[in-house]
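The whole structure should be built from the sequences, with the hints applied where relevant.
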Amino acid sequence: MQSARWLRFGSAPTGPPSLESCTRDVYAPGASFDIATVTRIAYDVASAACHLHQQGILHGDLYAHNILHDERGHALLGDFGAASFYPPTWEQRATGIQQIEVRAFDCLLEELIERCDESTGPQGGLTTLTQLKAHCLSDGPESRPLFEAMVPVLGELAASCATQGHPSIETAPAELAQRD
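Residue numbering for the sequence shown follows the numbering used here, starting at 4 and increasing by one per position.
Simulated from the structure, these hints should not be mistaken for lab results. The model shown is predicted, which means the values in this text are computed figures rather than measured ones. Just to be clear, a hint being listed does not mean it is correct.
As the list claims (entries may be wrong) - The following label-pair restraints were derived from C-beta to C-beta distances:
no.: 1; residue 1: Thr166; residue 2: His138; range: 20 to 30 Å
no.: 2; residue 1: Ser35; residue 2: Trp93; range: 37 to 47 Å
no.: 3; residue 1: Gly81; residue 2: Gln126; range: 17 to 27 Å
no.: 4; residue 1: Ile60; residue 2: Ser146; range: 21 to 31 Å
no.: 5; residue 1: Gln57; residue 2: Ala31; range: 29 to 39 Å
no.: 6; residue 1: Gly84; residue 2: His54; range: 41 to 51 Å
no.: 7; residue 1: Arg75; residue 2: Gln134; range: 38 to 48 Å
no.: 8; residue 1: Thr166; residue 2: Ala137; range: 24 to 34 Å
no.: 9; residue 1: Asp82; residue 2: Ala152; range: 20 to 30 Å
Ideal Cβ placement from N, Cα and C applies to all residues, glycine included.
Printed below as a string of structure tokens:
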């Protein structure tokens with residue numbers, strides 16, 4: 004039995020720190036992903052963030068360097084060192100807190116989209132991701148969608164990719180770890 008190999012996004016900068024390497028993730032030169040992989044990663048991260056928010060937990064560091072992924076796009080969110088609790092009963096404040104984290108998700112989407120080969124997925128797939136990214140980027144946090152609204156959109160896009168032979172969102176990472 005083999006275990007799935009999980010990869011960490013990004014790579015260590017090769018020189019001294021710069022504004023870019025300290026504020027954005029650094030990817031290997033030539034790194035690219037197909038639409039199905041980008042969608043699956045986005046879906047898994049959005050689902051994890053949605054679950055955390057439903058429990059009153061803010062991840063606080065939702066960037067690529069805290070995500071493990073496998074070759075099929077399954078992703079795991081890690082590094083909870085910046086996480087914090089907030090009372091979900093603070094309805095208005097809780098929503099605002101969640102929408103701040105959505106802005107960080109926008110950065111992740113932007114980095115993935117920049118490295119996405121648009122010819123590899125369903126027609127309009129990259130457009131859907133780009134439109135979602137634009138909503139996450141809204142200047143006013145109150146205009147940003149919550150993860151609970153994004154998960155179904157990303158799930159539909161992932162299902163569309165699955166009809167073209169890519170892994171579906173139902174293929175759980177545990178199943179991958181138990182491959183022969």
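Hint-by-hint comparison with the structure:
Judged by the Cβ atoms, the range 20 to 30 Å given for Thr166 and His138 holds: they are separated by roughly 25 Å. At about 41 Å, the CB distance of Ser35 to Trp93 agrees with the hint of 37 to 47 Å. About 34 Å separates the C-beta atoms of Gly81 and Gln126, a value inconsistent with the hinted range of 17 to 27 Å. Remark: the range hint 21 to 31 Å for Ile60 to Ser146 is upheld by a beta-carbon distance near 23 Å.
Separated by about 34 Å at the C-beta atoms, Gln57 and Ala31 satisfy the suggested range of 29 to 39 Å. Distance hint for Gly84 and His54: a CB-CB separation of about 18 Å, inconsistent with the stated range 41 to 51 Å. Between Arg75 and Gln134 the CB atoms are about 25 Å apart, so this pair departs from the stated range of 38 to 48 Å. The hinted range of 24 to 34 Å is satisfied by Thr166 and Ala137, whose Cβ atoms lie roughly 26 Å apart.
Between Asp82 and Ala152 the beta carbon distance is about 25 Å. The supplied range of 20 to 30 Å therefore holds.
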